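Asker: Modelling step: build the complete structure from the supplied sequences, incorporating the hints.
Residue numbers (my numbering), protein chains in the order written: chain H, 120 to 1110; chain B, 179 to 380; chain F, 15 to 105.
One or more of the hints may lead you astray.
Stretches of chain H that chain F covers, calculated by requiring three or more beta carbons in the stretch to come under 8 angstroms of a beta carbon on chain F [stated by the list, open to error]:
1) 361-371
2) 849-860
3) 999-1008
Cut-off 27 angstroms, straight-line C-alpha distance, at most; resulting in silico cross-link-like pairs (DSS-like, lysine-lysine) [to be verified]:
4) B:LYS222 with H:LYS997
5) H:LYS631 with H:LYS173
6) H:LYS689 with H:LYS623
7) H:LYS805 with H:LYS1002
8) H:LYS463 with H:LYS580
9) H:LYS402 with F:LYS91
10) H:LYS689 with H:LYS631
11) H:LYS805 with B:LYS222
12) H:LYS996 with H:LYS810
Read the hints as simulated data drawn from the structure, not as lab findings.
Model, not experiment: these values are computed from the prediction.
All C-beta atoms, glycine included, are put in the ideal place defined by N, C-alpha and C.
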Amino acid sequence: MKTTAYRLSSGGAVDRSRPLSFQFDGAAYQGFAGDTLASALLANGVRLFGRSFKYHRPRGVMALGSAEPNALVELRAGAQREPNIQATMAELYDGLVARSQNRFPSLRYDLMAANQLAARFFVAGFYYKTFMWPSAFWEPVYEKLIRRAAGLGRAADAGDPDRYDHMHAHPDVLVVGGGPSGLAAARAASRVGARTMLVDENPNLGGALRFERTAIDGAPGDMWTDQITSEIADCGNGEILRRTTALGRYDHNVVLALERVSDHLPTPEKGRPRQRLWIIRPKQIVVASGAEERPIAFADNDKPGVMLSSAVRGFVNRYAVAPGRRVAIVTVNDDGYLTARDLKAAGVDVTLIADARGRTSVVSAELEAAGAPVLRNALPEQALGGIEVSGLRLQNAAGDRLADHPCDVIAVAGGYNPRIQLLSQSGAAPVWREDLLSFVPPETDDATQVAGACRGVYDLKACIEDGVAAGAEAARRAGFTDAADAPRPEPRPVAAAKLFEAPKPIGRSRGKAFVDFQNDVTADDVRLAVREGYEAVEHLKRYTTLGMATDQGKLSSVNGLAVLAEARGKPIAEVGTTRFRPPYAPAAIGAFAGYERGETFQPVRRTAMHRSHEQACATFVEAGQWLRPRYYARAGEDMTAAIRREAAAVRNTLGVCDVSTLGKIDVYGPDAMEFLNRLYINNWAKLPVGKARYGVMLREDGHIFDDGTTSRLSDDHCFLTCTTANAARVLAHMEYAAEVLFPDYDVTFCSATEQWCGVAIAGPNSRNALGKLFDGFDVSDAALPFMGVAETELFGVKARVFRISFSGELAYEINVPWGAGEMLWRRLMEAGAEFDITPYGTEALSVLRIEKGHIAGPEIDGRTTAADVGLGRMMAKKDFIGKTLAARPGLTAADRPALVGVRPVSAEDRLRGGAHFVKDPDRFEQESLGWVSSVADSPNVGSWIGLGFLKGGAARLGERIYAAYPLKAEMTEVEICAPCFVDPEGERLRG
Amino acid sequence: MGNNDFITPLSHLGLREGEGVAGGDGLHLWDRGRVGFFQILARKGRTGAVATALGFDEAPRLASHGVYGTAFATTPGEWVLVCNDDEASETLRTVSGALVGSGYVSDQSFGRAAFRLSGVKARLVLAKGCALDWSPSVRGAGACAQTSMAGIGVIIHQIDDAPTYDLYCYAGFADSFWRWLICAGEEFGVDGRRLTKEWKRD
Amino acid sequence: MHQIPCPWCGVRDETEFQYQGDATVRRPAAEASEEAYANYVYFRENPKGVHIEYWRHTGGCRRLLVVERDTVSHDIKAVRFAHIPGGGEDA
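Answerer: Below, the structure written as structure tokens:
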């Protein structure tokens, strides 16, 4: 166990009575409850956390929270391993295992750091420029190389065993950020009765207060925080979500927030999710997300030991960790002095305060008088050292070099950037304020308030006042009119030097000055991009990757824009910002998937006879959301054999197929038939009660939309079926027709798909089986002729029997209510036993319909017309949807591919759906004459057969051409035939 | 009806009518088994006549209770009428008679699954999949809504302030919806493998 | 994620709706020309600003709604039923 050499003996909010053991890169360490992985490692003197994305430069901790760009680690092991976790956000627990990323073979000796030597090749636009040619090299060579050299952590190799929850919430007021402004806002809103939800990404509320020694009304910040927190929690309207990051704000004020429910535990408690994605639809939002300190671009400003001033202060104050032994502070404002003051109080040695300003301020004068080592007009030039910081090279504003200063930490106070990401995401452009030297949120909408540091109000007292006023305003707008109106404090100009990038004296050898640490983008990269013409800010972002990935401008944005503005000779306000993208902080894909995985991935629909199919050893196929039996393999049978057996059984004796999934619609009303006349190409007016008819619907553009049968059950009630795939679309199409196109018809309808389940029984013995099934029901041809419909009772329940056939055999469809489905199946199997009744699945169904030339999905693919499939004569002389455009020249041209049958000339050849008809067998590149749409290995014909669309269609019967299938390099000689292979006269059907 | 040969949408799970699962804090989830479920369709211009004939409210979002059962105005001119299974045949007969000339009834009693979710945590279970606000200040007992949950179209009816919710979905989706509800309830102690028989028909 | 106020169901998430296109086009009479039908089926304005469009509330009441929506700000100005001319204004 290593000593915790950098842990201060007193102070901080860590619990020294609860030591926790953990591992980093295989070495064992100890921290305390209340630590983050970052603070615990710093306490152990670990400063090198990872290697950078592109150049593999050594990197350490720079920030305190979710803005951390460098200290990204792989957390946990095995299936729960998660890459790119910010060590500053990872709460320490006993047994935590973490591993550094992007290094080979080890963190300290990373061979890939040689990328730095080739750095002149890794400049902006590197990928675009380098890996252009030859294109054949891209996948096998370049991509592997890049994958090895760049990228960050490794994803887990096994499926994530944890649970990710979703939760919808509808507060009156959502407050984002639990700092002084947010807490004040949430209290103000909840106390007047508004249902208030406060989200904060940290385990403890208080925001910046947690890291400061500031007192409020004489009490420590934590006490104030606890007081306000309990007032919010106890008022009955408040809900506080800790460890919850607002990831994004979307249209109409919908906010997604990620709650890390169990990330601070070794494993989630039983039944509990690891993370929960909140989908929040608040009436009002108060954004009180605070501000982020920004770095300064100077040479080697990414070296471990260079940290934000507020972070150095925070590690000392909150975690009682000294990030180093000799701290040099670089500052443009008074913030550096606050760090010096707190470090001194904690006994940490501050050896230098380099102030970019020439003038004194009240705070700086006080500290200087107390003996602080202040150097004015002093700017950073370069961080010195090997892997870690060992000194600071200084210059004055004129670029003259000052004496090097030995130190092991450089605390950088570059000013503050309001965290405007959430407000920028929905599109409004942030506004540059020269007096604040930062962007502030754009004008907000009626449902959004911004409070505190997020709008540039930095004074603590003003932040609280601003929060109170914003919370009350939000509550009032949400309808809680008791909320008092209070004035909003205005941001006060900052007393800071304007320094984004340190001067770069000509002729001196210098290291890289980073503006984006996460993406390894330097100030020089930005200038190069401008020279190469990528001046617009959105172009710059894409060319250099500035502000991309998890950074989303948190640390990089303003410095990058300042360099861009200077290179273009324009003010920052004019170059503008890119739009920030959600998520604000990295989020696991699992959190978005939520329940959509495993058993609850997507809903499935089971038919009433599902269990019967399982018992019959069905193999299922997904048809839309439905599970349908594909085939029923018997012992020793493969799929092909099962399909052939099933298809043969239907032709030879008797088969039964579950057709419950067909869309079913009850249509009622005196105008029902007239309404259907508008929907279908055929004429329904003369359909008598007790009869069914096949019908075809077109889209208004003249192509086939769907087909099915309609049965007239009474004068004002008919029952139509549509294809399984189109059931929902057909219903919506009918609704559109009734609501908008033909609103005057007295017609109404509803889906009956699930009320009825159904089977088709088909084959020469189907009438015999039907007679045995129904007692005292006349199944004779006279009583129930082809296309006849009968309503009857079957074992005490209502049943409908339709004499319709998809297979071309003597066949019936029987519908019974859902609950009687299993019973129907069982009784049918009994009644059909003597005829060797054979259940058949969708594959055999397809074979049978192809044998008969009946069209299905592949023939109704949205590009074919009724005439194309040989049903043109069905089009009646009346108005129907699609009539006019079906008659246009393009859809009636004589050379349109039309439905034909096709069989291989050599009986052992197979056909393939998707093959193209061609003339010349010797090459694949030639004119296509049409295509093969459906194929079947037909046991009843004794060879493969197919349907297809061929230019010239019926005129080419008997011709021999070729079916080309380049994917398998097949060229098959085929004969064109009529699209019907079995019983062309239809004798079986009407038998 | 009441034939033992009939299956319910969850009978393949070994679940009988009135059986369910329980979690902590009085959370319960039951399969109510079959109920009478009718879609009532008014003819064009006859919505008021149907409402009068059957004693339904025309306004949406609140259930109306009448002699025939509980009605939800699902869309202009249409209602769903729910009654107990043992009254379903009689209800169908009388409603059909009352609607002659003004509307139609489509019997969907076999086409739906009916679940009941109850307990102080029921609202949270619902909130994991339902985007609507079921807070007491927004929706209370009597509120009903058609919406989609877990990718499944549902009718939700809050029957009391426990709160207790009746949930209706297509029979074919019952297995998926049930599994989803159990999965969502696991955080509150629901164990899908343990059945209880605590629900009594009211 | 648009929040659409359905006149029947109340405010609902856009995931419950199916977008059904321009609500200002009118189907020509049966005897109208091919050209009139081609205009009806294929040709659409693509306005920047307010667009009047159909959304079907498939996850709720199933009714077709006429929604006036700003294509830039995504603000929804008004919603009414398509089947009642001028009726059912806003939720």
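Asker: What are the numbers of the hints the structure violates, in ascending order?
Answerer: As far as the earlier hints go, not one is violated by this structure.
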